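Peer 1: Each chain, letter by letter, is given below.
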Amino acid sequence: MIHSLFLVNASGDIFLEKHWKSVVSRSVCDYFFEAQERATEPENVPPVIPTPHHYLISVLRHRIYFVAVIQSEVPPLFVIEFLHRVVDTFQDYFGVCTEAAIKDNVVVVYELLEEMLDNGFPLATESNILKELIKPPTILRTMVNTITGSTNVGEQLPTGQLSVVPWRRTGVKYTNNEAYFDVVEEIDAIIDKSGSTITAEIQGVIDACVKLTGMPDLTLSFMNPRLLDDVSFHPCVRFKRWEAERILSFIPPDGNFRLLSYHVSSQNLVAIPVYVKHNITFREGSSQGRFDLTLGPKQTMGKAVESVLVSSQLPRGVLNANLNPSQGTYTFDPVTKLLSWDVGKINPQKLPSLKGTMSLQAGASKPDENPTINIQFKIQQMAISGLKVNRLDMYGEKYKPFKGIKYMTKAGKFQRCVWIAGSDRYYTNRASLIIVTS
Amino acid sequence: KGMLIPTRPRLFSVCRNEDLKEMLESSKESLKLEAMKRIVGLIAKGKNASELFPAVVKNVASKNIELKKLVYVYLVRYAEEQQDLALLSISTFQRALKDPNQFIRASALRVLSSIRVPIIVPIMMLAIKEAAADLSPYVRKTSAHAIQKLFSLDADQKEQLIEVIEKLLKDKSTLVAGSVVMAFEEVCPDRIDLIHKNYRKLCNLLVDVEEWGQVVIISMLTRYARTQFTSPWKEGAMFDENNEKAFYESDSEEKKGHTEEKPYIMDPDHRLLLRNTKPLLQSRNTAVVMSVAQLYWHLAPKHEVSIVTKSLVRLLRSHREVQYIVLQNIATMSIQRKGMFEPFMKSFYVRSTDATHIKTLKLEILTNLANEANISTILREFQTYVKSQDKAFAAATIQAIGRCATNISEVTDTCLNGLVLLLSNRDETVVAESVVVIKKLLQTQPTQHSEIIKHMAKLFDNITVPMARASILWLIGEYCERVPKIAPDVLRKMAKSFTAEEDIVKLQTVNLAAKLYLTNSKQTKLLTQYILNLGKYDQNYDIRDRTRFIRQLIVPSEKSGALNKYARRILLAPKPAPVLESSFKDRDRFQLGTLSHSLNSKATGYQELSDWPAVAPDQSVRNVEIIEAVKEWTPTVGKTKQPKSDDKFYSDDEDEKEEEGSDSSGSEDSSSSSSEGLFMYFTMQMFSSCLAAKYHFPRQPCLYQPSMVAVQVILSNSSDHSLEEIHIGDRSPASLSIHCFNTIERLEPEASVTVSMGIDFSDSTQAANFQLCTKEDQFSVSIQPAVGELLMPSSMTEQDFCKEQGKLQGMNETSATITMETANASSQAISKQVLSVANVGVVSSSQNNFSRFAGRTVSSGALVLVSLELKESSTALLTINTEKTVMASMLLRDIKQALTQA
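If you read the sequences in order, they're chains A and B.
Take the first sequence: its position 58, counted from the start at 1, is 58 in the UniProt record's numbering, and no numbers get skipped.
Take the second sequence: its position 383, counted from the start at 1, is 383 in the UniProt record's numbering, and no numbers get skipped.
No wet-lab data here; the hints were simulated from the structure.
These numbers were taken from a predicted model, which means no experiment stands behind them.
Ideal Cβ placement from N, Cα and C applies to all residues, glycine included.
The reader is advised that the hints may include incorrect statements.
Derived DMTMM-like pairs: lysine to aspartate or glutamate, alpha-carbon spacing no greater than 25 Å straight-line [what the hints assert, rightly or not]: (1) B:Lys602 / A:Asp30; (2) B:Lys832 / A:Asp254; (3) B:Lys832 / A:Glu397; (4) A:Lys103 / B:Glu18; (5) A:Lys103 / B:Glu748; (6) B:Lys387 / A:Asp333; (7) B:Lys47 / A:Glu99; (8) A:Lys173 / A:Asp229; (9) B:Lys602 / A:Glu34; (10) B:Lys346 / A:Glu34; (11) B:Lys803 / B:Glu869; (12) B:Lys602 / B:Glu18; (13) B:Lys775 / B:Glu724; (14) B:Lys302 / A:Asp230; (15) A:Lys337 / B:Glu869; (16) B:Lys129 / B:Glu51; (17) B:Lys45 / A:Asp92; (18) B:Lys454 / B:Asp503; (19) A:Lys131 / B:Asp19; (20) B:Lys387 / A:Glu43; (21) B:Lys832 / B:Glu776.
Listed below are several chain A residues computed to face chain B (Cβ distance under 7 Å; list not exhaustive) [said to hold, decoys possible]: (22) Pro46; (23) Ser72; (24) Leu77; (25) His84; (26) Val87.
Taking CB as the label site, the calculated pair distances span [unchecked claim]: (27) A:Asn256 / B:Pro343: 32 to 42 Å; (28) B:Leu877 / A:Gly404: 22 to 32 Å; (29) B:Asn600 / A:Phe33: 17 to 27 Å; (30) B:Thr414 / A:Phe33: 39 to 49 Å; (31) A:Phe402 / B:Ser826: 56 to 66 Å; (32) A:Arg391 / B:Ser826: 24 to 34 Å.
Work out the full structure: start from the sequences and follow the hints.
Peer 2: Following this line, the structure appears as structure tokens:
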């Protein structure tokens, strides 16, 4: 399966290599560098590259290419998924996954990679198990280890790998037994000039932090499970129970994990929690343009819209902007033409606005692209889809755990909420005018 | 900071390696560890540290776990280069292979098999064989990995390794399944016969196998199924749903033609695979979802394939690389099955943040999905893409518009007009690409488009991209008779600028001149000769050659050969229109989801998916035994929710116990433990008839006769036809008294029914055998009770217990000292474990260190007293007092096992 792994930084240097079978010369990466040179953007390097004797499958995360060397047929997604798992593990261990962090912790990295694959086949990829085998480095531990000569490697051998519940270690003990669930939703929408929604989709996840003694068996039920259009589970969730009863039944991993990702389809009406009033105009023959923008909350059930950040990609013809925000601060970068306005919290009594003029390049014709706006915001204590957890029950253990549920609505990663200003055809501006709820 | 974190690798020179050697040879553990950390730093950077081998290998037997692990890392990296020295470490591993700790055994095998030194092949072989029979499934898993390593080191061992694989394939542990199938795929993928007997087991285990194993097993089973089952795709039906009409037509013709065909019945094993993989579409692992999707694509009846759509579309929200692979597969699928993805068309809209290769793939899919109904939406979408900053993508979009125009005749004119509008675009690339596409389109229907050609001729002066200029010239030349006035004028302009043009434009100029000469020599004779003269002295030999050729061909002279007569037919022959089709058209010759599919070329080690056999091979090869009692992973109790009607049998109290029981055994490994939890399901599999039965002991008094043990059986029909008259037939031993359930008249497909029976086991664990009959068929069934199920709880006080115990001394007492798992040390845990094994009642105890349980045998009502005295450090004295001494020893064994395991 996976023969070797090379880590390549943005400037094209190999700064780490690991081989699980016999050693493959690092010159195999030359084919990768060729592809890297050909690509205009770092993202444009093709994920699968054939070479005469090997195949290179790579992922790009945190500006590092993780290049796996493959010798024979294997599902490419298998390798890609694994590489992403490696990155997630590094991030989990070191807080960040950067070249510096990897170089600083090269021994831990090596120990991790050694445990994660045997003969190129994934062995232990669950973070719970790995943490039993290799303790994550902390500043304190590093110091203690240096002085006492002790190690990062777990003294006890892991038992989780042996059970049929491979994601959970045995013998877990806590004095305070707690289970927290965060329902986090991201909204993606396109809104046209007149304010009507063209598409709206909600992606949600339930992230859990479970610290419970023993082998608890949890069930989590929803008030309105029908909202969930498509779901994917952590391996601990019992598929059949979900299919039959729409109940999540699982023996949780110890610590943090993602229990469920879901999708709420656009068939269900999605209420966009903010609205934007905009008037951005350029006149033919004039070197001035007008910019007028007002934000307001909409259907937030009394919850505050916070951390609002507006940014806007103005057309290339715009030289400068002279604007006046009613609250917060704004900046305009004349090189990238990016306007950003840090609004903060929206006060429904006094709506924030940004007004003023833009100066255009003399003699330039009226821009045919429309100016661009990008808004982010965050709403605590609300899941925009209306999803509600009904109850959480625990079986298999006798104590009473503390249970907590938190809801949050957050930024859409891929499509975002797009607001179309100044154009009657949203298509032209889909990419440029973006509103993100955060 | 540098002082505190000395593990940070630094640049070392050769002399620094001398220090490392010294550090390794010192007696201080911390120095050695420090040295090893630095060495690992060197290895990670790809620096050579092989000269340290002798110093490092000495530490292979170190007590310090981290040091040992780092030495292993080093050893595996350099052993191949330093074979003689590597041999020094072998004896350490050989010793560790015999260690009582399973982790040490596994890790020793892992390292030993990773040392690629041919001389130790026999040692490895022996170690693998032993590990494959190890009691620990973890060690067996490691041995499966070692098989592949040994095979790549020495392929001559194949036959012996296949034997080990065959043995490991029989393993029932979910831990081993993925790894051994991986070994199978690598060593002997063609030995399909090894899979037969394990097919059903693998299908049933699949949900509980770890995710990576699932991918490997699913892809192997896909290949297997294509060799063993007949096609579920209807005869005569094209796989292409676009040809639905053709399908119906041919069908009706067939009906007229010959007699009806045999209806297709899906093999129940085929159905089993489809059913058991379906829930994995919900996996968080994208590779698992993709592998299920490809399984459905290659194996499922056509109307079922679309259940994978939603999951595939979900994967598009994952990382860029995942999107890339998934989009490639969707592109292939969408050519044959538009309908699958059409409802999700918006998911394939391009975002400006997408990487170019993602954009191109989405474009491909959108083009595949285009039909009469959605074309206007798609074209509007394409119009935005044309304006993209990414010029390569804009050009690809124009190509896509061209494809839509040829595929959907309704919009050909609209597209053509749109493309003509693009000709006045500011961007040169867009214009050039448009010209090229327009050229192709005009070729497909050249009759009425002289206006467009005129328009293009007008634009000609402003177009600078050579490819576009060449295309326009070719068009004018090809259809010169339709633009008789403009064509000579264009040639005139070209004559002026000829020397400054690119080669490709020059060639087309020569072509244009030749064609005009043949059709309109009066006006163009001189111009043509001028251009041919210019061409004759061109710097490029291609142009010189072409010019010479053309001159010979068209200008009549005494030297010109026979071809001259045919010049017109040669140059102005009607040319077939270029075919605009998807680059993914024939990709489905590769199995979806594979590397080969992704690259569109056969990768090393790619296993072809065979065609469906015309006649199914013998189905019975997969029959294991008619009945096999498989102990399911007990928490499946939770998964297979019992019918509501059952609930009333238990008090709430018991219900809770049930949860506990299932939970406690949930942590045990399914293969290594033979203890049975309270409420265990046993599966009797009768695949040949598609009737599956599960039974369990509900632990309630039997309603029919007090001496009988109550048994509940859940019968489910897993076939696709209904089963009739299910009842119990002959039984053995003949004296066996069974209270049968009433005959079930009819059981619909996929339905299940719960029935109660009573069986008098006469206080023995001898199996009760009987026949389970349906209308057509019958199967023998065997129910073997665990000894603990032959008891009924008996309530008594502590005094009574002690009194009764006093009566049952001597021969009637069996006892053993046991060491309990620490987790079981509390009296609650003890009760839980004991109750999970035996149906006895708890006797409340005044002493903390005593746990007492009492029960009676169901048949004869003999007392069974269990007492457990806790001693120091989790040892305990377990005593059982009963007249039934055989039962006592069996019970003792079961309870002991339950308590000594976590």
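Peer 1: If a hint holds in the structure, say so; if it does not, say that too.
Peer 2: A quick look at each hint next to the structure:
A C-alpha spacing of about 22 Å is found between B:Lys602 and A:Asp30, which places the hinted pair at or below 25 Å, so the restraint holds. At roughly 23 Å between alpha-carbon atoms, B:Lys832 and A:Asp254 fall within 25 Å of each other, so this suggested pair holds. A distance of roughly 11 Å separates the Cα atoms of B:Lys832 and A:Glu397; the hinted pair therefore holds under the 25 Å criterion. Between A:Lys103 and B:Glu18 the alpha-carbon distance is near 23 Å, which keeps this suggested pair within the 25 Å criterion.
Simply put, A:Lys103 and B:Glu748 have alpha-carbon atoms about 63 Å apart, too far for the 25 Å limit, and the pair is violated. Taken as a hint, the B:Lys387 and A:Asp333 pair is honoured in the structure, with Cα atoms around 24 Å apart against an allowance of 25 Å. Between B:Lys47 and A:Glu99, the direct Cα distance comes to roughly 18 Å. Compliance with the 25 Å bound is thereby established for this hinted pair. For the given pair, A:Lys173 sits about 37 Å from A:Asp229 by alpha-carbon distance, which is inconsistent with the 25 Å threshold.
Among the hinted pairs, B:Lys602 with A:Glu34 is consistent with the structure: their alpha-carbon atoms are about 23 Å apart, no more than 25 Å. Proposed proximity of B:Lys346 and A:Glu34 is contradicted: the alpha carbons are some 34 Å apart, above 25 Å. At roughly 17 Å between alpha-carbon atoms, B:Lys803 and B:Glu869 fall within 25 Å of each other, so this suggested pair holds. Of the supplied pair hints, the one linking B:Lys602 and B:Glu18 is violated, its CA atoms being roughly 49 Å apart against a limit of 25 Å.
For the hint pairing B:Lys775 with B:Glu724, the CA-to-CA distance comes to about 5 Å; that is within 25 Å, so the pair holds. For the hint pairing B:Lys302 with A:Asp230, the CA-to-CA distance comes to about 22 Å; that is within 25 Å, so the pair holds. At most 25 Å may separate the alpha-carbon atoms for a hinted pair to count; A:Lys337 and B:Glu869 exceed this at roughly 81 Å. Our distance criterion of 25 Å between C-alpha atoms is broken by B:Lys129 and B:Glu51, whose separation comes to about 34 Å.
The hinted pair formed by B:Lys45 and A:Asp92 meets the criterion: a straight-line CA distance of about 23 Å does not exceed 25 Å. With a C-alpha separation of about 24 Å, the suggested pairing of B:Lys454 with B:Asp503 holds against the 25 Å cut-off. Straight-line distance between C-alpha atoms of A:Lys131 and B:Asp19 comes to about 32 Å, which puts the hinted pair past the 25 Å bound. Distance restraint check for B:Lys387 and A:Glu43: the Cα-Cα separation of roughly 21 Å lies within the 25 Å cut-off, and the hinted pair is therefore satisfied.
Taking the CA atoms of B:Lys832 and B:Glu776, the gap is about 44 Å. The hint is violated against a cut of 25 Å. Interface hint status for A:Pro46: upheld, as the beta-carbon distance to the closest one in chain B is roughly 6 Å, under 7 Å. For A:Ser72, the shortest C-beta to C-beta distance to chain B is roughly 3 Å, which falls under 7 Å, so the interface hint holds. The beta carbon of A:Leu77 is positioned within 7 Å of a beta carbon in chain B (closest approach about 4 Å), and the interface hint is therefore held.
Using the Cβ-Cβ criterion of 7 Å, the hint placing A:His84 at the interface with chain B is satisfied: the shortest such distance is roughly 6 Å. Checking A:Val87 against chain B by beta carbon gives a least distance of about 9 Å; that is not within 7 Å, so the hint is violated. With their beta carbons about 36 Å apart, A:Asn256 and B:Pro343 fall inside the hinted range of 32 to 42 Å. For the hinted restraint 22 to 32 Å between B:Leu877 and A:Gly404, the CB-CB distance of approximately 45 Å leaves it violated.
The beta-carbon spacing between B:Asn600 and A:Phe33, approximately 23 Å, falls within the hinted interval of 17 to 27 Å. Taking the beta carbon of each, B:Thr414 and A:Phe33 are about 45 Å apart, inside 39 to 49 Å as hinted. Look at A:Phe402 against B:Ser826: about 23 Å separates their beta carbons, and that is not inside 56 to 66 Å. In this structure, A:Arg391 and B:Ser826 meet the distance hint of 24 to 34 Å, their C-beta atoms being roughly 28 Å apart.
When held up to the earlier numbered hints, the structure conflicts with 5, 8, 10, 12, 15, 16, 19, 21, 26, 28, 31 and fits the remainder.
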